[in-house]
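Dock chain B against the given chain A, drawing on the hints supplied.
Quick note, the sequences are listed as chains A and B, same order.
First residue of the first sequence: 1, per our numbering; consecutive thereafter.
First residue of the second sequence: 1, per our numbering; consecutive thereafter.
Don't read these hints as lab results, they were simulated from the structure.
Among the hints, a few may not be true.
Said to hold, decoys possible - Quick list of the computed label-pair ranges, beta carbon to beta carbon: (1) A:D147 / B:D27: 20 to 30 Å; (2) B:D25 / A:K89: 31 to 41 Å; (3) B:S7 / A:D158: 50 to 60 Å; (4) B:D121 / A:S166: 29 to 39 Å; (5) A:Q24 / B:Q37: 15 to 25 Å.
Quantities reported herein were computed from a predicted structural model and do not represent experimental measurements.
Beta carbons: idealized from backbone N, C-alpha and C, even for Gly.
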Amino acid sequence: MNTSPANSNSQPQVSPEWKSWFAQHASRLLMFARQQTRTEADAEDVLQDAMLRLWRSGMIETGENGVVEPSLAGAFTQIRRSAIDQARKNIRRANREDRALDMGEYSDIVWFEDSLEQDERAAMIEKELKALPDYYREVVTLKIWGDLTFEEIAETLDIPMNTAASRYRYALEKLRRSLTPSKLL
Amino acid sequence: MKSHDDSIFASLERELRSLQPLPPDPDFLGKLERKMQNAHASAPVANNIVAMPMDNRGNYKPWLAVAACAVVATGAVAWKHQQLTAEQNTLAGAASGTNQFVPQAVSSQFQRVHAGDLIMDPQRGPMRKVRFEFNNTQQFIDQRNGSLMEIRYPSQQEILVAEPMD
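Isolated chain A (complex conformation) (with noise of 0.2 Å):
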């Protein structure tokens, strides 16, 4: 995110490594929200706030190429903290509208590209993964796609190291098993 002193009066530019950056992430950012949300929308929105805050709370680290970038881990921490708002939020409205707040599974949301139809083993893996608690799920997703190590994890999710190890070991365990057809096990 770079805004030009030059051009200080006019549109604030978003500079091209920023683009960059996000091009890169943005898949994993997006599965994320997803997993923070229950709909594609507010998945959208929250990435987008999280995206403003990151920005804004100048959320930055130097790579191992020396580049400094906006941090990821950052990102991740920023995506729950927005997710977080915006299902208090939801709350309110739905106090107001005297309706029930929709808290039931990621409905129709689809997390990985070619799945479901096209691969049964993939479409697999998503529903156990989603049937999996929060507290596993999170853990697994910044490990995996969000290729954060234990420690960064635990920053984010504001959660000791070991619980975040041993979370994530539990989590592939659950997924094993479920994975695996009993005969095997």
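Relative to chain A, chain B alone:
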């Protein structure tokens, strides 16, 4: 047994990684860009990525905090350097030159800022914990052979920044 479990987990991890998250709608980046361009009210921390617009005064406190933190951190490193030099000199004198490592240079490079939890201060209102991480380097010269020894270590400092009430 454990290695058997590990290999099963490794295979499951590979399988999970092979699933590609569905990318956002192609229009999404455009929408996000427009939102960001409209978000004049605030800007990120000053660094290589960002130049703060002159009319952006709404969220100035974190910037002040960053500056204050940088000053404090630099001061702390300089103070440690002086203290270390004095100690080394004293030791060197006491031991009649037996201490061969002489401090040469100290540097502290800002690495990362992390916005933490919100806490409520009864006097000051909502405050955000902000943690700054630094990479520090200390260089020593070995007086015996003139070789340079470098010690690198991370450090961090946490401060509270008033959360804008928007």
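Hints and how they fare:
Roughly 26 Å separates the CB atoms of A:D147 and B:D27, a value that falls within the hinted 20 to 30 Å. Between B:D25 and A:K89 the CB atoms are about 23 Å apart, so this pair departs from the stated range of 31 to 41 Å. The beta-carbon spacing between B:S7 and A:D158, approximately 32 Å, falls outside the hinted interval of 50 to 60 Å. At about 34 Å, the CB distance of B:D121 to A:S166 agrees with the hint of 29 to 39 Å.
The given range of 15 to 25 Å is respected by A:Q24 and B:Q37, whose C-beta atoms sit roughly 21 Å from each other.
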